[in-house]
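Fit chains B, F and V to the known structure of chain Z by using the hints.
The lines below spell out each chain.
Number of protein chains: 4
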Amino acid sequence: MIASNIETELAETPLAPGGPFENLTTGKALQQLYREIRAHSLALAAPLSDADATVQSMEDASPAKWHLAHTSWFFETFLLRDNRPGYQAFDDSYAYLFNSYYEAEGARHARPKRGMLTRPSLDEIRAYRAHVDNAMEQAIPDFSEKLLELVELGLHHEQQHQELLLTDILHLFSCNPLRPAYRHTSRPSLHAVEPGSMNWNTGPDGIQEIGHDGQGFAFDCEGPRHQVLLTPFAIADRPITNGEWCAFIADGGYREPRHWLSDGWAWVQAEQIDAPLYWSPADNGGWNIFGLEGDQPLEPAAPVRHLSLYEADAYASWAGARLPTEAEWEAVAQTGDLPGTGEVWEWTGSAYRPYPGFRAAEGAVGEYNGKFMSGQFVLRGGSQATSPGHVRPSYRNFFYPHQRWQFTGLRLAKDL
Amino acid sequence: MIASNIETELAETPLAPGGPFENLTTGKALQQLYREIRAHSLALAAPLSDADATVQSMEDASPAKWHLAHTSWFFETFLLRDNRPGYQAFDDSYAYLFNSYYEAEGARHARPKRGMLTRPSLDEIRAYRAHVDNAMEQAIPDFSEKLLELVELGLHHEQQHQELLLTDILHLFSCNPLRPAYRHTSRPSLHAVEPGSMNWNTGPDGIQEIGHDGQGFAFDCEGPRHQVLLTPFAIADRPITNGEWCAFIADGGYREPRHWLSDGWAWVQAEQIDAPLYWSPADNGGWNIFGLEGDQPLEPAAPVRHLSLYEADAYASWAGARLPTEAEWEAVAQTGDLPGTGEVWEWTGSAYRPYPGFRAAEGAVGEYNGKFMSGQFVLRGGSQATSPGHVRPSYRNFFYPHQRWQFTGLRLAKDL
Amino acid sequence: MIASNIETELAETPLAPGGPFENLTTGKALQQLYREIRAHSLALAAPLSDADATVQSMEDASPAKWHLAHTSWFFETFLLRDNRPGYQAFDDSYAYLFNSYYEAEGARHARPKRGMLTRPSLDEIRAYRAHVDNAMEQAIPDFSEKLLELVELGLHHEQQHQELLLTDILHLFSCNPLRPAYRHTSRPSLHAVEPGSMNWNTGPDGIQEIGHDGQGFAFDCEGPRHQVLLTPFAIADRPITNGEWCAFIADGGYREPRHWLSDGWAWVQAEQIDAPLYWSPADNGGWNIFGLEGDQPLEPAAPVRHLSLYEADAYASWAGARLPTEAEWEAVAQTGDLPGTGEVWEWTGSAYRPYPGFRAAEGAVGEYNGKFMSGQFVLRGGSQATSPGHVRPSYRNFFYPHQRWQFTGLRLAKDL
Amino acid sequence: MIASNIETELAETPLAPGGPFENLTTGKALQQLYREIRAHSLALAAPLSDADATVQSMEDASPAKWHLAHTSWFFETFLLRDNRPGYQAFDDSYAYLFNSYYEAEGARHARPKRGMLTRPSLDEIRAYRAHVDNAMEQAIPDFSEKLLELVELGLHHEQQHQELLLTDILHLFSCNPLRPAYRHTSRPSLHAVEPGSMNWNTGPDGIQEIGHDGQGFAFDCEGPRHQVLLTPFAIADRPITNGEWCAFIADGGYREPRHWLSDGWAWVQAEQIDAPLYWSPADNGGWNIFGLEGDQPLEPAAPVRHLSLYEADAYASWAGARLPTEAEWEAVAQTGDLPGTGEVWEWTGSAYRPYPGFRAAEGAVGEYNGKFMSGQFVLRGGSQATSPGHVRPSYRNFFYPHQRWQFTGLRLAKDL
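Heads up: the sequence lines are chains Z, B, F and V, in that order. All letters in the first sequence, in the order written, are residues 1 to 416 by UniProt numbering. All letters in the second sequence, in the order written, are residues 1 to 416 by UniProt numbering. All letters in the third sequence, in the order written, are residues 1 to 416 by UniProt numbering. All letters in the fourth sequence, in the order written, are residues 1 to 416 by UniProt numbering.
No wet-lab data here; the hints were simulated from the structure. Mixed in with the good hints, there may be bad ones.
The list treats identical chains as one, so a pair stands whether inside a single copy or across any two.
Simulated crosslink set (SDA-like; lysine to any residue; CA at most 20 Å straight-line) [what the hints assert, rightly or not]:
#, residue 1, residue 2
1, 113, 263
2, 113, 145
3, 414, 356
4, 414, 223
5, 113, 60
6, 146, 251
7, 113, 290
8, 113, 180
9, 146, 29
10, 28, 146
11, 414, 228
12, 113, 269
13, 414, 359
14, 146, 31
15, 113, 58
With the rest of the complex left out, here is chain Z:
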């Protein structure tokens, strides 16, 4: 296991069994994986113009160009600069421009100003990536096991930014009255979500173990593996759907304070919220939902997404249920019997706090998870925008309760 390194906005999960990170016993296998993951980032950016890749639509989001550059800066800084004497940086100014939040790495360009960087251009960033990839290609065969672990960390870090690149582009495009589509065909649902009645499955109670067990990659915050004590509970066999959300709206869910957390009610009123993010009234009286494919008519059977924790919690309250804790979720997920995961990040009722015995790593790489452990809630499971192989049952994603530009939804639980 290794210290993690993530953006404020995301989290990640280790190798699902059979995923691409399995059996990375040799530098050679890792080198191949490096090529594939780095190529995937470029492929995600392929539909974007220079302007698309440059604009920052809100403080929470970053430009696509910045994601492409920052992930390269990670390899350049922690692998090449620190471990390859004679490595020539592509451009000395990039260390300042593309550090995200690593205080130990010195001053950096202010996050809310990332969208001011019309230069370097997208093509220059592609050249930067090629320069780094070239040096990495030569370096990986020489790396020690410890450095190979750091390469692996960098690849997981890059996968996190792949999801952010998509969610940030989606937000940017949603601000454009032309409603551009990022792509023209949807990725099919990973798991079919049945319309109609939801079923409750009984979860395991008593003493259970959760947290990453140290086999394969995981971020530091996923461990240590430890025992938890669960009281009897049931968990739904799928996430809540758009159709069910429409019933919540129709029942006045957004106008009835008693369903809401106090902070949530203040948020609903201040922001005049009356639907999930990216929902807009359709001409036929229904709803359109803006997604990577542009505006599409609401699909009642699809999992509802782009919810804040406040909305998820209010729905659960309205439905006479509650959100699962992250321990409940994981205890079920590691049995393999949690249908519908991977469609939307599922808000849990757990604040993002350290596990018993957690301790952040030393140095810059240790800054990344521990320092975000206040004010945020844990999400589990992964979404349609998550890169393949980047989820595992112990994965802890986290966001502030008002944030909803990720693919966030919910699944119900209840006490037994």
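Relative to chain Z, chains B, F and V alone:
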């Protein structure tokens, strides 16, 4: 046990053994307690002028006059109006003016505007209290057991506001360049805090029980009593002192980002924080601390107070330790072996979230604890400003991590 | 003439012929006037409680207690401290507390925090006034002519604050849902305003003289007297009335952008303005207007008041007219033929800028008018709340275009 | 003369004698001018990438792409759509995207969101321009004289946006730590500005005429031509230089409140201003100034630029002088004896208000000048970034007193 009813800003604790709420088996005993607690509120307000009791120094605080009126409104509304046919309200406008946050009770005067109420005067509020007390005097003997429980709740509610009245006056006076003193003699420390080296006591591990057991009064959020699983830990035998805090400052604690939660570091920089609230440089190069007795020279052996959670957490990180969880704290406290409690509210590392099986009560009285369960951290133990008899091991106080106008401090814990 | 000394929020006018300041050829006459004006301030504060006199309802307003103290500070500082060796200040802290904006007088309590000063009490401020008055009583007979001029300035300064005391109390009381009345009988209108059709009077054109001529008191910004060139114009024989304003509202005046200055339209939308300040819908479908007498039904024939410059300008635009320039207004006013003045401060279309040859005085007393000459518009004429004798044709009052808590109205003009 | 049509941010000047707009007696001449001015806009945008042309660096600024599109929208809307039956709009969505502030033209994309428009691309906007130009090429020969006047207005409007395009790009590039240069060679100074002592020229006093006389083009706010009465004054023979500004800084000009307008002093403190915009400390202890050529060492003899009105006014106060009024400036300028004009827009001491007899035109085209006449000050003369032929003595530019991203400087005046 009964549903609780508190202001955002506070929390409460059940009956300490031998405290005033013990053996409230008869309405007569409760009536006597009613008189004492109501009189105590007036005594706390005695040093205040009409103007002192009217001004609101910040949104988090309320005027003393408002506390005196709101606590009376509680009895008038939930006991007299709802259960005494023929009761004449003192003034029909007060229901609007002095409801705090009970959505189910209808529209109310906006919280940030509480300081605009120069009318009614402090004397009129005293008359309002007398009117309510008179009606209660006559009503209590007739009340059912269920209503007597509601009276008991109202008294705990009033004690919560007694502490707030003091902390809010302290904040107001701190905004006045004349630095007025609320009183001229300090309340002596409840527990002597030894200067010099702190000791670690081993806490109980394995399965433990926490939460209120239903004997005597407690707020709803203190239960249900339930099992928790604790990993081996130690806890300090006293809170951190002013002298120890000076060492943190001297070591650059406020200028070194690696000790801080990310949100905390942003707060330190935005607010230019370099000391606890109410500390100001003294002429002799040391510090003065503003308190209810005005500015006083820093006492090195006294518990440090007026800290945010961010500061408490940063100190623990700097000291190579951590904050206790609320379960750890309570598991030790219920053994009776946690010296130094009652001096300062002690920040725990636990987010304020519901216990397994928690369910809010129906109706307005049920609004009070559950809806605040996001974004806040639990504090335990009570402070010098807490009313006598208003603490118990299961008591859960809660505030946002940046708030520090309460008497908030910290105690260290560590893994074993 | 003498340098003026005013609060941001106001301006003032010299002696109307026959007013109380006339023939102040002797210290004795000035002494009598000093007593009367100082007593008038106390009389204005008589209906106020300690709390009423302490609270600051918005940044633009100041507490009544502060007005009473600041006007005394003026005499204490510029007359007693500077010119009476051996004078003992009433309290050394008051120089810090009650300086308004005189940078040359050193650090001062921040304006938005004036409402935090629950101490000193209203009674203590009354004692402060008595202390200063006592010293002034003894000092005035000894003062040189130059110092007597400074006393005179201080009295005009106090009269300005008398009007502010009333407008600030009105604003405070308007924030209280109890809608308290400051007084129970209205001051009768100074000039009857005829309902029905308004008439146009032709103003003087060509070269005219405006500005104070140096006879009697005036603030520095009223001079030098100078020539202006006026093109032919007409001016209304009275201010616009409430009834006429209702017609503007009924015609959609607040919803039609083409009547509005661009900044005004942004203000209307951001603040959701749809009526003058202090208007609220009455049960009968009409309007109530909150005033010093509490809520009163709208009087159609009374001058409309509590308008921003934006509203005044939009009305004029809607009516096919315009606001008069301050030169036009004064050229007419000095002929004595401008009926209806003194009811409301009349917005002019002139930005508050220096007259040709204006130069601020040296020292702290010179700070007061010149430095406010950006971003504000001139108002002329005086209001019901203006102290007797405190207006003259050359008087230049000034406020920012969005401000409307003064008694502000309008009179139309047009080109011929 | 014709109603003007400008952006909030700019102003304009009529035909200098011999300028390109002279002798536009035929549609043919205007057609040639149309081609030249439209081509000039494209030439200005030539150094920009798609990303450069898309990002909006602050609310006051607009993207270059937006300027290119909005100026085309003007011709498409007011000439082609309204007067060429059968004209096919290039894209129906552009009317919404590229209206600036014309309320009469309906809903529009919010100004602060102009930078979200990564689509349409810069190339698509170029295609839009070609489409409009093609239609205009065919239409101009058929246009009536009235429509030709509207074409002329559109060309002046486009020239205004040419200057804004440059100032907005300069601001954007200033936000990039790479400090990119827009161009590599400077435009030479229009007028040599002599270092060393400045001289005072006596201006014309008594009754003078200012305002546009109706010969050739002017914006509506420049008229009517009218008489003004000037008191004796002198005006400097050149703008203030960088070297002189360094002396103001060295003398503590930014730290001494008595030089400043009250609003200006608040601005200096809130924004922590200590130098003109775009000045940064150089390694040698001097200053660099960021301009269209990137960072360049300060030239002491060059006119100081990028000042707010507050700074210009404070300098004049410090220097014992004042800013000229716009009438003084124009009275001198129309004699042809005002050396150094055209280097920087010169702040005057005049608020931007209507001339006697001014009346806005009917319809959308009439919205453009009159509605901005509050809160802004007039600037005169033109700058290095102003398009050739786009200035005249009667030209009234206007900005808010805190704005300084235009090429703004000052020239002194004084009373005689």
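These are the hints, each one checked on the structure:
1. 113 to 263: between (29 Å within a copy, 19 Å between copies)
2. 113 to 145: neither (37 Å within a copy, 49 Å between copies)
3. 414 to 356: between (25 Å within a copy, 10 Å between copies)
4. 414 to 223: This pair counts as between: shortest inter-copy Cα distance 17 Å, intra-copy 26 Å.
5. 113 to 60: Answer is both; intra-copy 11 Å and inter-copy 16 Å each pass.
6. 146 to 251: For residue 146 and residue 251, neither the intra-copy (56 Å) nor the inter-copy (33 Å) Cα distance is at most 20 Å.
7. 113 to 290: between (26 Å within a copy, 18 Å between copies)
8. 113 to 180: between (24 Å within a copy, 16 Å between copies)
9. 146 to 29: within (15 Å within a copy, 71 Å between copies)
10. 28 to 146: Within one copy, since 15 Å is at most 20 Å while 74 Å is not.
11. 414 to 228: Answer is both: 18 Å inside a copy and 19 Å across each meet the 20 Å cutoff.
12. 113 to 269: Between copies, since 18 Å is at most 20 Å while 29 Å is not.
13. 414 to 359: between (32 Å within a copy, 11 Å between copies)
14. 146 to 31: within (15 Å within a copy, 71 Å between copies)
15. 113 to 58: Cα proximity of residue 113 and residue 58: in one copy and across copies (10 Å, 11 Å).
Hints 2 and 6, counting from the list given before, are not met by this structure.
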